[in-house]
Amino acid sequence: MPWSHVSPTSTPPVSSPPPRPTRIDAVLAKTPPAVTVATSRAIFRAEDLQVTYRSSRGPVPALSGFSTALHEGEFLSVLGPSGCGKSTLLKVASGLLKPSGGMAELGGTRIEGPRKDVGIVFQHATLLPWQTVLENVLLPVRTLGMDRKQGLQRARELLRMTGLENFEHHYPHELSGGMQQRVGIARGLVHDPRLLLMDEPFAALDAMTRENMMMELQRIWTETRKSVLFITHSIPEAVFLSSRIIVLSPRPARIVKEMHVDLPFPRDEATLGSPRFGELCAELRALFSSRDATPGGSASRGSASTSH
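Here the sequence shown is numbered in UniProt numbering, starting from 1 and rising by one per residue.
Don't read these hints as lab results, they were simulated from the structure. Heads up, the beta-carbon is just placed ideally off N, CA and C, and yes, glycines get one too. Where hints are given, some of them may not hold.
Said to hold, decoys possible - Taking CB as the label site, the calculated pair distances span: (1) Thr222 with Ser176: 44 to 52 Å; (2) His170 with Gly73: 28 to 36 Å; (3) Leu144 with Glu269: 35 to 43 Å.
Unchecked claim - Here are the simulated PhoX-like cross-link-like pairs (lysine-lysine), alpha carbons at most 20 Å apart as the crow flies: (4) Lys149 with Lys116; (5) Lys116 with Lys226; (6) Lys116 with Lys98.
Given the sequences, and given the hints that come with them, work out the whole structure.
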């Protein structure tokens, strides 16, 4: 969903009636509160977060007593049903949304508003159609007042890394959807952020392009080792990309499972067909019912349902 600068008092879209209890509710009922990750190596930390929206029907809690942490150089995926609070967490991490209670900090500093040391990759590339690929990548350089020469060098380095070095003078309409998302990733990294936030960046892509982009992102992360907080509905996507996964309950979000993904890096197409990959996907899928809110995805070789 496109992001906007919102506050906890904003009126959200009218939600559907509460769903029937699912298997994940049963797991939550007997799961103790998640233990906060030790903060000695944490670059991002959330503690007892509370976010409540207001609607014509009354308060709508999105996060309640939510705590987690992201380690330096870690790829952490957040997996959960639609409307559970995943994107709300990213808005808090970016400084675009002030929580109703609790705290969030980045690099030991409390997040009080938008940060220069955070990069964001959206579900849609959101490129400026009148600017070239290179100028789109350079957008944070201009808005943050960075040195143009250094920014240009960094932008061209990222275009090489994303395989777009021959397209810097092209316009967005001349690119495929996957290429546009690669521009978005380069733009999110151009100012060398401490934390990269990714809000379902491949959700709008077809299955083949989505799988290719998974491979590309895994390669880029292996090269840069950026700290990444990645939102997804796709179980195979989360397992393939992540060093760790947290699974959220229906709203208000709580962590019902934390998984350390023990697949070696680098990962490739053979990983998707490996027995261990299938086991990890099955373990996560067992948390959810077979209703349409079930996270799935089309990246695994015949082992996952489509979630979008």
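Cβ-Cβ distance between His170 and Gly73: within 28 to 36 Å?
holds (33 Å)
Indicate whether the distance between the beta carbons of Leu144 and Glu269 respects the range 35 to 43 Å.
holds (37 Å)
Take a look at whether the Cβ-Cβ distance between Thr222 and Ser176 falls inside 44 to 52 Å.
Check failed, 23 Å falls outside 44 to 52 Å.
20 Å limit on alpha-carbon distance, applied to hinted pair Lys149 and Lys116:
holds (19 Å)
What's the verdict on Lys116 and Lys98, does the C-alpha distance respect the 20 Å limit or exceed it?
Given that 20 Å is the threshold and the Cα spacing comes to 16 Å, the pair holds.
Within a Cα-Cα threshold of 20 Å, do Lys116 and Lys226 meet the stated pairing?
Holds. Lys116 to Lys226 sits at ~15 Å (cutoff 20 Å).
In this structure, only the earlier hint numbered 1 is contradicted, and the remaining ones agree with it.
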